[in-house]
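Engineer: Each chain is listed here by its residues.
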Amino acid sequence: MAYSDKVLDHYENPRNVGTLDKDDPHVGTGMVGAPACGDVMKLQIKVSDDGVIEDAKFKTYGCGSAIASSSLVTEWLKGKTLDQASEIKNSAIAEELALPPVKIHCSVLAEDAIKSAIADLKSKQGKLN
Amino acid sequence: MSLNFFTLLQLPETFVIDLKKLDQNYQSIQKEIHPDRFASLADEEKKASIKKTAEVNDAYQTLKSPIRRAEYLLHLHDINIHDEKYTAVPQDFLMQQMEWREELETHKQNKEALEKLVSDIQKNKDEIMSQLPKFFKNKSNLHDAIKVTRELNFIEKIEQHINDALIEII
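Residue numbers (this note's numbering), protein chains in the order written: chain B, 1351 to 1479; chain H, 1199 to 1368.
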């Protein structure tokens, strides 16, 4: 199956690969996996005191589309508020990367990773307050 | 509608099966329906025999592997564990997967380290696998069976990746 140029670009030059300190109260960590293909995705966001995402990092073990989807969302997340971030839909990711139908689930994984990271952050901050 | 794999191989529809009996039944059915036996018969009958042989092979391969057997039992309960919409896997389990993947990445060239990783994963897999019989015994535990079968799919995947890496070294 042929990957689109955008997928190849993210796959060959992934943006924001790495890890943030998961114990930092400003960091939310999202972990998701797709049992169908065994892909594992970790997405982390670092949020400023006024609720804006300052940094985003990812680590994905999976196919090119899963790596590209997570790489792309780290770019999109920076500068967004949590509310804006939670509005990112898998369909937008799939459209941007021109994912074929069999790879749509990779974009679903990335959307779920965002939600999971936000939920982690909120539960952490809830505990602090 | 194709026949239930358990019925096809004359076994009770349970997770724990008698593997020896599976082999025996498979072999005797294969002998009975083997296309060579129908060489002198009409094309239609030959075709039916080939189709049946393929079905029996499929059933045998599915029931022989505990993971495939678990998936098949769930499938009989109308549960597709490969549903791609499902991404909520327990966090600590995923964390462990991540660690294993990282280890594989770090030690890609190191045969000893990879073999140690294989044995660690095997232990973990055995432990998970040993829970399946009790989860399949009782219908109210099916959600646990789903969870564990999904986890085994992740483990199978990383095992494949490690094997690929080991082949590269040799």
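In short, the hints are calculated from the structure, not lab data. Keep in mind that the hints are not guaranteed to be accurate.
[Stated by the list, open to error] Here are the computed lysine-lysine pairs in the DSSO-like style, where the Cα-Cα straight-line distance is at most 30 Å: (1) H:Lys1309 with H:Lys1321; (2) B:Lys1372 with H:Lys1345; (3) H:Lys1323 with B:Lys1372.
[As the list claims (entries may be wrong)] Going by beta-carbon spacing under 7 Å, a handful of chain H positions derived as facing chain B: (4) Phe1213; (5) Leu1292; (6) Met1296; (7) Arg1299.
For glycine and all other residues, C-beta sits at the position ideal for the given N, C-alpha and C.
Engineer: Let me make sure I understand: some of the numbered hints might not hold for this structure. Which ones are they, in numerical order?
Structural biologist: Violated hint (a single one): 4; every other hint is consistent with the structure.
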